[in-house]
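**Q** The chain contents come next:
Number of protein chains: 2
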Amino acid sequence: MKPHHITALKHIAMLGGVKEHVSFSSATFGSMLGVSQQSASKRLLDLTREGFISRNIVARREQVKLTTKGVEVLRREFADYKIIFEAAKELTLTGVLASGLGEGAFYMRQRGYKEQFARRLGYEPYEGTLNLRCSGKDLANLEVLRQAEGIQIDEFRSGGRMFGGAKCFRARMGSVDCAVIIPLRSHYSDTVELISKFNLRTRLGLSDGDSLELSVLL
Amino acid sequence: MKPHHITALKHIAMLGGVKEHVSFSSATFGSMLGVSQQSASKRLLDLTREGFISRNIVARREQVKLTTKGVEVLRREFADYKIIFEAAKELTLTGVLASGLGEGAFYMRQRGYKEQFARRLGYEPYEGTLNLRCSGKDLANLEVLRQAEGIQIDEFRSGGRMFGGAKCFRARMGSVDCAVIIPLRSHYSDTVELISKFNLRTRLGLSDGDSLELSVLL
DNA sequence: ATTACTAAAATACGAGTAG
DNA sequence: TCTACTCGTATTTTAGTAA
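Residue numbers (this note's numbering), protein chains in the order written: chain A, 1 to 218; chain B, 1 to 218.
Calculated from the structure, these hints are not laboratory results. Everything numeric in this text was worked out from a predicted model, so none of it was measured. There could be a bad hint or two in this list.
Unchecked claim - Computed list of lysine-lysine pairs in DSSO-like fashion (alpha-carbon distance at most 27 angstroms, straight line):
#: 1; chain 1: A; residue 1: K114; chain 2: A; residue 2: K137
#: 2; chain 1: A; residue 1: K69; chain 2: B; residue 2: K2
#: 3; chain 1: B; residue 1: K69; chain 2: B; residue 2: K42
#: 4; chain 1: B; residue 1: K2; chain 2: A; residue 2: K42
#: 5; chain 1: A; residue 1: K2; chain 2: B; residue 2: K42
#: 6; chain 1: B; residue 1: K197; chain 2: B; residue 2: K89
#: 7; chain 1: B; residue 1: K19; chain 2: B; residue 2: K42
#: 8; chain 1: B; residue 1: K167; chain 2: A; residue 2: K65
#: 9; chain 1: B; residue 1: K197; chain 2: A; residue 2: K137
#: 10; chain 1: B; residue 1: K69; chain 2: A; residue 2: K2
#: 11; chain 1: A; residue 1: K2; chain 2: A; residue 2: K89
#: 12; chain 1: A; residue 1: K42; chain 2: A; residue 2: K19
#: 13; chain 1: A; residue 1: K137; chain 2: A; residue 2: K167
#: 14; chain 1: A; residue 1: K2; chain 2: B; residue 2: K2
#: 15; chain 1: A; residue 1: K89; chain 2: B; residue 2: K197
#: 16; chain 1: A; residue 1: K19; chain 2: A; residue 2: K2
#: 17; chain 1: A; residue 1: K65; chain 2: A; residue 2: K19
#: 18; chain 1: A; residue 1: K137; chain 2: B; residue 2: K137
#: 19; chain 1: B; residue 1: K114; chain 2: B; residue 2: K2
#: 20; chain 1: A; residue 1: K137; chain 2: A; residue 2: K19
#: 21; chain 1: B; residue 1: K114; chain 2: B; residue 2: K167
#: 22; chain 1: B; residue 1: K69; chain 2: B; residue 2: K114
#: 23; chain 1: B; residue 1: K167; chain 2: B; residue 2: K69
#: 24; chain 1: B; residue 1: K19; chain 2: B; residue 2: K167
#: 25; chain 1: A; residue 1: K19; chain 2: A; residue 2: K69
#: 26; chain 1: B; residue 1: K2; chain 2: A; residue 2: K65
#: 27; chain 1: B; residue 1: K137; chain 2: A; residue 2: K89
#: 28; chain 1: B; residue 1: K69; chain 2: B; residue 2: K137
#: 29; chain 1: B; residue 1: K89; chain 2: B; residue 2: K167
#: 30; chain 1: A; residue 1: K167; chain 2: A; residue 2: K197
#: 31; chain 1: A; residue 1: K167; chain 2: A; residue 2: K69
#: 32; chain 1: A; residue 1: K89; chain 2: B; residue 2: K65
#: 33; chain 1: B; residue 1: K167; chain 2: B; residue 2: K137
#: 34; chain 1: B; residue 1: K137; chain 2: B; residue 2: K89
#: 35; chain 1: B; residue 1: K65; chain 2: A; residue 2: K2
#: 36; chain 1: B; residue 1: K197; chain 2: A; residue 2: K19
#: 37; chain 1: B; residue 1: K65; chain 2: B; residue 2: K19
#: 38; chain 1: B; residue 1: K69; chain 2: B; residue 2: K2
#: 39; chain 1: A; residue 1: K69; chain 2: A; residue 2: K137
Let the sequences and hints guide you as you build the complete structure.
**A** Written out as structure tokens, the structure reads:
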């Protein structure tokens with residue numbers, strides 16, 4: 001991703017291209033970026049080809065909107081600036097408790113993970129995870145976590161397959177300690193997994209759809 | 001300011017170059033930016049020449065820190081992203097009441113300003129201003145205001161001199177309506193002026209050094 | 001080890017212009 | 001009008017290398 005492509009995306013976003021299709025001519029766009037109509041046109045072509053924006057050229061007017069991939073790029077940038085200027089040691093993440101697939105429990109039963117969590121977090125987590133689904137402003141905070149270092153959990157091999165690495169962050173939900181897990185080699189997701197020494201669901205009386213707020217240590 | 005220079009500044013900032021001198025080789029810097037050592041070296045030369053960073057090359061290790069001008073560039077970028085993702089209609093600005101130079105009152109007595117404020121804000125402001133000095137996180141919010149459109153106050157000529165244009169934003173301090181004024185053609189400042197229908201100083205019993213919080217409408 | 005010069009290669013740019 | 005092509009020029013990049 002080249003700097004001038006990020007700048008171009010940013011300008012489209014500032015016109016409202018994150019939420020809806022926006023219209024502008026390539027000449028106008030050029031003067032926003034401080035380049036010629038021709039270069040602006042090329043930027044739009046490049047961004048389209050690489051899947052960062054979608055275009056509908058209807059009649060005269062051109063309609064441009066950022067794709068999810070395009071928005072992601074900007075969210076990542078935003079997260080960088082948050083780290084620079086808000087260098088917070090703590091971050092509040094809110095989201096909705098999503099129904100798990102029981103998958104989390106499978107992973108948490110693996111010795112390779114169990115041992116690492118025990119060693120790095122100081123406790124052996126309950127065999128099960130909560131899924132926290134974030135939206136809006138919290139997606140940007142999630143991005144801050146993705147950029148941040150966190151506590152490393154290494155990948156390992158067991159039973160003939162690989163179990164991927166992850167990083168985790170200590171957090172508190174109410175008065176209960178827990179940890180946020182972010183898989184290392186995964187594509188973008190609006191959902192993170194929470195683990196804790198306890199069965200958070202029963203201990204805090206949670207059910208799917210509940211709104212959760214946690215403060216995460218960076 | 002070229003996009004790749006902004007990216008370079010951002011990376012220096014992420015290493016901590018906003019607050020203190022940081023060390024890294026041009027080769028390391030190059031791999032951070034995804035360019036060669038030679039290009040990274042050139043970036044550092046360019047940024048130095050243009051006054052965005054200061055360098056001390058002592059012995060082997062190089063010390064780099066962003067200048068005020070450099071930090072400003074990034075704050076402006078950050079403000080853009082805030083506008084994109086936080087598209088807030090309202091913004092909270094906090095700061096400290098700074099002693100005015102009496103200058104504000106001079107300007108507020110000018111008919112050219114008085115009339116425009118009366119027309120655009122719906123009231124004729126008290127002849128005097130408060131100076132609000134911002135710091136830290138609020139400087140970024142100030143930058144959001146500078147990027148935002150606001151209510152235009154046009155420049156005018158009177159008594160053989162020009163009075164510059166400005167933009168203002170409706171705001172509330174506690175339960176009192178007021179407005180934040182941002183001069184259009186001025187260099188960076190951490191201080192904004194507040195006007196109101198009332199003498200805010202006496203009405204709210206304010207004195208220099210008091211901490212103020214206002215919610216500003218964008 | 002470094003940084004940064006020179007020169008050649010690669011890339012980006014915009015004028016002209018077609019569709 | 002508009003977008004986006006070609007193509008000559010300008011800028012940027014990097015390899016090689018000096019200090």
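**Q** Which of the stated hints cannot be reconciled with the structure, identified by number in ascending sequence?
**A** 1, 8, 9, 11, 15, 19, 22, 24 and 36
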